[in-house]
Amino acid sequence: MSDAPAPKKHHRGQTMVFIGLAMLAVLLLIVVFGPSIAPYSPSKTSPNSLDGPTAMHWLGTDSIGRDLLSRLIVGGRGTLFITFVAVALALAAGLVLGLTSGYMGGKVDLIVMRILDVIFAFPVFLLAIAVVAALGPTVRNLILTIAIVYTPAMARVVRGPVLSVKRWDHVEAARSVGVGEFAIAIRHVLPMVISPILVQTSLILANTIFTVTALSFLGLGPPPPDPNWGSMLAEARQFMELAPLTVIGPAVAIIFASLTFIVLANGLRELLDVGSR
Amino acid sequence: MLEVRDLTAEFIREGEVLRVVQRIGFDIAAGEAVGFVGESGSGKSVTARAVMRLAPEGSSIRWGGRILFKGQDLLALSEREMTDVRGRRIAMVFQDPMASLNPVMTVGQQIDDMLMRHMSLSGAQARKRTVELLGLVGIRDPEHRADDYPHQFSGGMRQRVLIAIAVSCEPDLLIADEPTTALDVTVQAQILRLLMRLRRELGMALMLITHDFGVIAGMVERVYVMNNGEIVESGAIDTLFAAPKHPYTQALLAAVPRIGTRRSA
Numbered sequence: 012m013s014d015a016p017a018p019k020k021h022h023r024g025q026t027m028v029f030i031g032l033a034m035l036a037v038l039l040l041i042v043v044f045g046p047s048i049a050p051y052s053p054s055k056t057s058p059n060s061l062d063g064p065t066a067m068h069w070l071g072t073d074s075i076g077r078d079l080l081s082r083l084i085v086g087g088r089g090t091l092f093i094t095f096v097a098v099a100l101a102l103a104a105g106l107v108l109g110l111t112s113g114y115m116g117g118k119v120d121l122i123v124m125r126i127l128d129v130i131f132a133f134p135v136f137l138l139a140i141a142v143v144a145a146l147g148p149t150v151r152n153l154i155l156t157i158a159i160v161y162t163p164a165m166a167r168v169v170r171g172p173v174l175s176v177k178r179w180d181h182v183e184a185a186r187s188v189g190v191g192e193f194a195i196a197i198r199h200v201l202p203m204v205i206s207p208i209l210v211q212t213s214l215i216l217a218n219t220i221f222t223v224t225a226l227s228f229l230g231l232g233p234p235p236p237d238p239n240w241g242s243m244l245a246e247a248r249q250f251m252e253l254a255p256l257t258v259i260g261p262a263v264a265i266i267f268a269s270l271t272f273i274v275l276a277n278g279l280r281e282l283l284d285v286g287s288r
Numbered sequence: 029m030l031e032v033r034d035l036t037a038e039f040i041r042e043g044e045v046l047r048v049v050q051r052i053g054f055d056i057a058a059g060e061a062v063g064f065v066g067e068s069g070s071g072k073s074v075t076a077r078a079v080m081r082l083a084p085e086g087s088s089i090r091w092g093g094r095i096l097f098k099g100q101d102l103l104a105l106s107e108r109e110m111t112d113v114r115g116r117r118i119a120m121v122f123q124d125p126m127a128s129l130n131p132v133m134t135v136g137q138q139i140d141d142m143l144m145r146h147m148s149l150s151g152a153q154a155r156k157r158t159v160e161l162l163g164l165v166g167i168r169d170p171e172h173r174a175d176d177y178p179h180q181f182s183g184g185m186r187q188r189v190l191i192a193i194a195v196s197c198e199p200d201l202l203i204a205d206e207p208t209t210a211l212d213v214t215v216q217a218q219i220l221r222l223l224m225r226l227r228r229e230l231g232m233a234l235m236l237i238t239h240d241f242g243v244i245a246g247m248v249e250r251v252y253v254m255n256n257g258e259i260v261e262s263g264a265i266d267t268l269f270a271a272p273k274h275p276y277t278q279a280l281l282a283a284v285p286r287i288g289t290r291r292s293a
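As you go down the protein sequences, you meet chains A and B in turn. First residue of the first sequence: 12, per our numbering; consecutive thereafter. First residue of the second sequence: 29, per our numbering; consecutive thereafter.
There may be inaccurate statements among the hints.
Partial chain A-side listing against chain B, Cβ under 8 angstroms, derived [what the hints assert, rightly or not]:
#  : residue
1  : Arg125
2  : Ala141
3  : Ala144
4  : Trp179
5  : Asp180
6  : Ala185
7  : Ser187
8  : Val188
9  : Ala196
10 : His199
11 : Pro202
Label pairs and their computed distance ranges (CB to CB) [said to hold, decoys possible]:
#  : chain 1 : residue 1 : chain 2 : residue 2 : range
12 : A       : Val129    : B       : Glu42     : 56 to 62 angstroms
13 : A       : Ala144    : B       : Asp176    : 23 to 29 angstroms
14 : B       : Arg90     : A       : Val129    : 29 to 35 angstroms
15 : B       : Ile40     : A       : Arg23     : 46 to 52 angstroms
16 : A       : Val42     : B       : Gly151    : 46 to 52 angstroms
17 : A       : Ile130    : B       : Arg90     : 32 to 38 angstroms
18 : A       : Met115    : B       : Leu96     : 27 to 33 angstroms
19 : B       : Arg90     : A       : Val42     : 40 to 46 angstroms
20 : B       : Arg221    : A       : Arg125    : 52 to 58 angstroms
Not the full set, but computed from the structure, chain A residues with beta-carbon under 10 angstroms of chain B [to be verified]:
#  : residue
21 : Asp62
22 : Thr65
23 : Gly117
24 : Lys118
25 : Val182
26 : Arg186
27 : Gly189
28 : Val190
29 : Gly191
30 : Glu192
31 : Arg198
32 : Ile205
33 : Pro207
34 : Ala262
35 : Val263
Since the hints were derived computationally from the structure, they do not count as laboratory data. All residues carry an ideal CB built from backbone N, CA and C; glycine is no exception.
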């Protein structure tokens, strides 16, 4: 709400958001069209194993002759799908819990936040490994696990600004003209806290990409034969001197995906002026 | 119309009780304009909020006594029943017009909301009335300005919008808590004149809270002077100006430079 935003900063934010969105478009393309834009089936083997780049296989092949590019695209779909759905769930839960907790305050706040603190206190990986190990490594469990793990972070991001916004004059003004508490929370408080939530969601997406791939790398991801970036990296490790692309490929893909959200988060932060208000 | 008896207000924080309003009583008749004067911390704002039953956010407050509004004790109503009183029967204008509007809704939407909530108007009916109201409070080109956001209005104009929201449902009582304190001196006079005119046209009672006797002069019929959570003096404005009895009132009056010449200046 600054009346005279620094124009240069604004401009940089716009550029970053633009770049971030372009990168996001690539990721979404992979998620939506995955198998149909991959040149080969990701599980089709060929005799040319561990090949370098050729005209037929642009990025070469893996240890049993599967096309690396196809596996990257289809595998990306798996990884990104889990990431998006998990973060969407965490966001929904975080919004409800954070808004309720921050707005209602008092005992409700105390109870909700203490419960979330318990989850928050666990290292993300330890908790994720424990849950996946207990429930089994299916896509659904992985999504649920990651959603649970990131819900406290989301709830905190929502709750923080709600605590201050609910004391703003326009909230009291709304109350003074008979607006109900639920309507105040939704219409007069929530819209004020959207900016930090957007930024944080983007950052959590970046983190989640790492979490998902790391869990898959450890063998706790979705079971084979569906490829995903984490397990591809794990499989390729033993041949990395023979066929470096098999490692570099997934690694670059992972970095690209999380960089997308980091760029987007930073751009949004500057554009929306989060934190300087 | 409004009879307040033995009103107390106590802030409760970490088990400690701080009484900021000490068993006060006052009356406001239908259509009457009454002023509440006192310095910061005298309890006048908390008294005004008591009538709306609004606790400052983040504090826990305990009301005592009775606030009879048309024979009904507001302190005995449920929170839900109270939301039907607020805005509909009793409305309030706050001190800081810059902060009292929702920045992400157009001013039109904010008035529409009121009309749809309290008057059960349809969206189109509400918008028609909104435009009328904006015109009534002196916003030029109300049809187009209704679609503007608060940041596109000046402070004085925002206060007019807030007044439009407050009077949108034609309440019986309008509480104005330091309505001009945050405004330029020239704009102050306009806002006060607007409040006077609306009070006359809509037949509302007005409870005007201020620290400034200059604001009260010519606006209200009766005055209550508050200090330390008590009403120290009350009476018709002319009598009070002519012969203040309580030393605190005398001190307050002495603090106003050249009273009586200010409004004509």
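Results for each hint:
For the restraint placing Arg125/A at the interface with chain B, the shortest Cβ-Cβ distance is roughly 19 angstroms, beyond the 8 angstroms limit, so the hint is violated. With a cut of 8 angstroms, the hint placing Ala141/A at the interface with chain B is violated, because the nearest CB-to-CB distance is about 38 angstroms. A cut of 8 angstroms between beta carbons decides the hint on Ala144/A: the least distance to chain B is about 44 angstroms, and the hint is violated. Satisfaction of the interface hint for Trp179/A is found here, the shortest Cβ-Cβ separation to chain B being roughly 6 angstroms, below the 8 angstroms cut-off.
Taking 8 angstroms as the C-beta contact cut-off toward chain B, the hint placing Asp180/A at the interface holds, the least distance being around 4 angstroms. Among the interface hints, the one on Ala185/A holds; its C-beta lies about 7 angstroms from the nearest C-beta in chain B, closer than the 8 angstroms criterion. Interface hint status for Ser187/A: upheld, as the beta-carbon distance to the closest one in chain B is roughly 4 angstroms, under 8 angstroms. Interface restraint check: Val188/A against chain B, minimum CB-CB distance 3 angstroms, threshold 8 angstroms, status holds.
Hint on Ala196/A is violated. Least Cβ distance to chain B is approximately 12 angstroms, over the 8 angstroms limit. For the restraint placing His199/A at the interface with chain B, the shortest Cβ-Cβ distance is roughly 5 angstroms, inside the 8 angstroms limit, so the hint holds. Here the hint on Pro202/A is kept, as its CB sits about 4 angstroms from the closest CB of chain B, short of 8 angstroms. At about 26 angstroms, the beta-carbon gap between Val129/A and Glu42/B misses the expected band of 56 to 62 angstroms.
Remark: the range hint 23 to 29 angstroms for Ala144/A to Asp176/B is contradicted by a beta-carbon distance near 57 angstroms. Checked against the hint of 29 to 35 angstroms, the C-beta distance between Arg90/B and Val129/A comes to roughly 34 angstroms, which is consistent with it. Here the CB-CB span from Ile40/B to Arg23/A is close to 49 angstroms, well matched to the stated 46 to 52 angstroms. A hinted range of 46 to 52 angstroms for the beta carbons of Val42/A and Gly151/B is inconsistent with their spacing of about 39 angstroms.
Judged by the Cβ atoms, the range 32 to 38 angstroms given for Ile130/A and Arg90/B holds: they are separated by roughly 36 angstroms. Our hint of 27 to 33 angstroms for Met115/A and Leu96/B holds, since their Cβ atoms are close to 31 angstroms apart. Between Arg90/B and Val42/A the C-beta distance comes to about 56 angstroms, which lies outside the given range of 40 to 46 angstroms. The hinted range of 52 to 58 angstroms is satisfied by Arg221/B and Arg125/A, whose Cβ atoms lie roughly 54 angstroms apart.
A hinted interface residue such as Asp62/A counts as satisfied when its beta carbon comes closer than 10 angstroms to some beta carbon of chain B; here the least separation is about 56 angstroms, so the hint is violated. Because the beta carbon of Thr65/A sits about 55 angstroms from the nearest beta carbon in chain B, more than 10 angstroms, this interface hint is broken. About 9 angstroms separates the beta-carbon of Gly117/A from the nearest beta-carbon of chain B, less than 10 angstroms, and the hint is met. For Lys118/A, the interface hint is violated, since its Cβ never comes within 10 angstroms of a Cβ in chain B; the closest pair sits about 12 angstroms apart.
Satisfaction of the interface hint for Val182/A is found here, the shortest Cβ-Cβ separation to chain B being roughly 7 angstroms, below the 10 angstroms cut-off. Checking Arg186/A against chain B by beta carbon gives a least distance of about 6 angstroms; that is within 10 angstroms, so the hint holds. The interface hint given for Gly189/A holds, since its Cβ lies 3 angstroms from the closest Cβ of chain B, which is under the 10 angstroms cut-off. Look at Val190/A: its Cβ gets to within about 7 angstroms of chain B, closer than 10 angstroms, so that hint holds up.
Interface restraint check: Gly191/A against chain B, minimum CB-CB distance 5 angstroms, threshold 10 angstroms, status holds. Interface hint at Glu192/A: satisfied, since its Cβ lies 8 angstroms from the closest Cβ of chain B, which is below the 10 angstroms cut-off. Using the Cβ-Cβ criterion of 10 angstroms, the hint placing Arg198/A at the interface with chain B is satisfied: the shortest such distance is roughly 7 angstroms. Because the smallest distance between the Cβ of Ile205/A and any Cβ of chain B comes to about 9 angstroms, under 10 angstroms, the interface hint for this residue holds.
Taken as an interface hint, Pro207/A does not check out: its beta carbon lies about 14 angstroms from the nearest beta carbon of chain B, beyond 10 angstroms. Interface hint status for Ala262/A: violated, as the beta-carbon distance to the closest one in chain B is roughly 42 angstroms, over 10 angstroms. Contact between Val263/A and chain B, as hinted, is not supported at the beta carbon level, the nearest pair being about 40 angstroms apart and thus beyond 10 angstroms.
Hint violations for this structure: numbers 1, 2, 3, 9, 12, 13, 16, 19, 21, 22, 24, 33, 34, 35, all remaining hints satisfied.
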